[in-house]
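> The residues making up each chain are set out below.
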Amino acid sequence: MAIEEQKPLLDAPIPGMSMTHELGARPWQTAAQFTTVDEAIEYYMSRMATEEYMEQAVEVLEMGVAVTDIANTMQMAGVMEGKHSIDVGMLVTPLIMEMLMLIGDNAEVDYDDGLTDEKPTETSDAKIDIIRREMKERIDKVEDKVDTVDDEPEVEETKGLMARRV
Amino acid sequence: MLNNPARQLYMNMDIDNLEEEKEVTSTGLLSPRKQMSNISKSASQQPAFRVAQHMKTLRKQRGMLKNGD
Numbered sequence: 001m002a003i004e005e006q007k008p009l010l011d012a013p014i015p016g017m018s019m020t021h022e023l024g025a026r027p028w029q030t031a032a033q034f035t036t037v038d039e040a041i042e043y044y045m046s047r048m049a050t051e052e053y054m055e056q057a058v059e060v061l062e063m064g065v066a067v068t069d070i071a072n073t074m075q076m077a078g079v080m081e082g083k084h085s086i087d088v089g090m091l092v093t094p095l096i097m098e099m100l101m102l103i104g105d106n107a108e109v110d111y112d113d114g115l116t117d118e119k120p121t122e123t124s125d126a127k128i129d130i131i132r133r134e135m136k137e138r139i140d141k142v143e144d145k146v147d148t149v150d151d152e153p154e155v156e157e158t159k160g161l162m163a164r165r166v
Numbered sequence: 001m002l003n004n005p006a007r008q009l010y011m012n013m014d015i016d017n018l019e020e021e022k023e024v025t026s027t028g029l030l031s032p033r034k035q036m037s038n039i040s041k042s043a044s045q046q047p048a049f050r051v052a053q054h055m056k057t058l059r060k061q062r063g064m065l066k067n068g069d
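For the record, the sequence lines run as chains A and B. Residue numbers for the first sequence follow this note's numbering, so the first one is 1 and each next one is one higher. Residue numbers for the second sequence follow this note's numbering, so the first one is 1 and each next one is one higher.
Isolated chain B (complex conformation):
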């Protein structure tokens, strides 16, 4: 029986391969607008993604501490 899922949860967070979402700016007047369905599907809207971003910030701080920066 799994009593403590923390290890698995931490290991499943693939922070190193976290991709930043790039917004493609469209300039033309007739360019297609963002669909609502696309916005909801985007990774940045997912709670796990936001958690991963916060983790990345903290890990960066840890790295700086270890390297003595």
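Same shape as in the complex, but just chain A:
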């Protein structure tokens, strides 16, 4: 059994959120700038081949961001800017990934390609053991605290006006 992360329940678009602007006012609602895959490839490759982009990409890869995440973000940004449609973006994504990996290899960065399974299907025994040990330590600490509090002699506080000051 895998330990699942709890997702926020209200992390979703509000109904009617897409209708807060006139139809066609957003870049992705207008005709795409690059209609074919070849045009989109040309657009991305020319951008990614610049020195400035390569430096930024290497920095991001060094930070541990997966290649899949960067590629997906790039194609989504392209769709949002009205550069190309979603389906063209889907077709171009593997090529963006390959280019990013080439940049990473060229800079000799130990990057995460994001191609391995993100979540294991089962929680490993080692992980369970670590959690169990942590919990035990916490419980022991709390028990020790309770014992020390019980051992201390209670000093009655004097509240009267004529009481001695400490």
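Keep in mind that the hints are not guaranteed to be accurate.
Lysine to aspartate or glutamate pairs mimicking EDC-like chemistry, simulated, CA-CA at most 20 Å apart [as the list claims (entries may be wrong)]:
hint: 1; chain 1: B; residue 1: K60; chain 2: A; residue 2: D110
hint: 2; chain 1: A; residue 1: K83; chain 2: A; residue 2: D38
hint: 3; chain 1: B; residue 1: K56; chain 2: A; residue 2: E39
Computed footprint of chain A on chain B, listed as stretches where at least three residues anywhere in the stretch have a Cβ under 8 Å from a Cβ of chain A [what the hints assert, rightly or not]:
hint: 4; stretch: 1-11
hint: 5; stretch: 53-62
Computed far set for chain A versus chain B, every beta-carbon distance over 12 Å [said to hold, decoys possible]:
hint: 6; residue: G16
hint: 7; residue: E51
hint: 8; residue: I70
Rather than coming from a laboratory, the hints here were simulated on the basis of the structure. For glycine and all other residues, C-beta sits at the position ideal for the given N, C-alpha and C.
Put chain B on the given structure of chain A with help from the hints.
Positioned in the frame of chain A, the structure of chain B alone reads:
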């Protein structure tokens, strides 16, 4: 819910088994000409095929970098 399809898209690109299209040249005067329907069906005309070809080129470059060529 699938948030990032990039992994699946990349894995589905079977570049290693990408077949280059070979053109069969016919020399005779009476040889059949290429039909328009055949041209549209050919794999090289598919956008995914062209993407795969570009990927193959980049992967070759990566291989050369790794091998130190």
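> Hey, does A:G16 actually stay past 12 Å from chain B on C-beta?
Non-interface label on A:G16 holds, nearest chain B Cβ at 21 Å vs cutoff 12 Å.
> Checking the smallest CB distance to chain B, is A:I70 really beyond 12 Å?
Its Cβ does come within 12 Å of chain B, the nearest being 9 Å, so this is violated.
> Hey, does A:E51 actually stay past 12 Å from chain B on C-beta?
Fine: 17 Å to the nearest Cβ keeps A:E51 off the interface.
> Given the hinted pair B:K56 and A:E39, is their alpha-carbon gap at most 20 Å?
holds (18 Å)
> Keeping to a limit of 20 Å between CA atoms, is the pair of A:K83 and A:D38 held or broken?
holds (13 Å)
> How about the stretch 53-62 of chain B: do at least three of its residues have a C-beta closer than 8 Å to a C-beta of chain A?
holds (count 6)
> Do three or more residues of the stretch 1-11 of chain B come closer than 8 Å to chain A, measuring C-beta to C-beta?
holds (count 7)
> Please verify whether B:K60 and A:D110 have alpha carbons no more than 20 Å apart.
Within the cut-off at roughly 19 Å; holds.
The structure fails hint 8 only (numbered hints given earlier).
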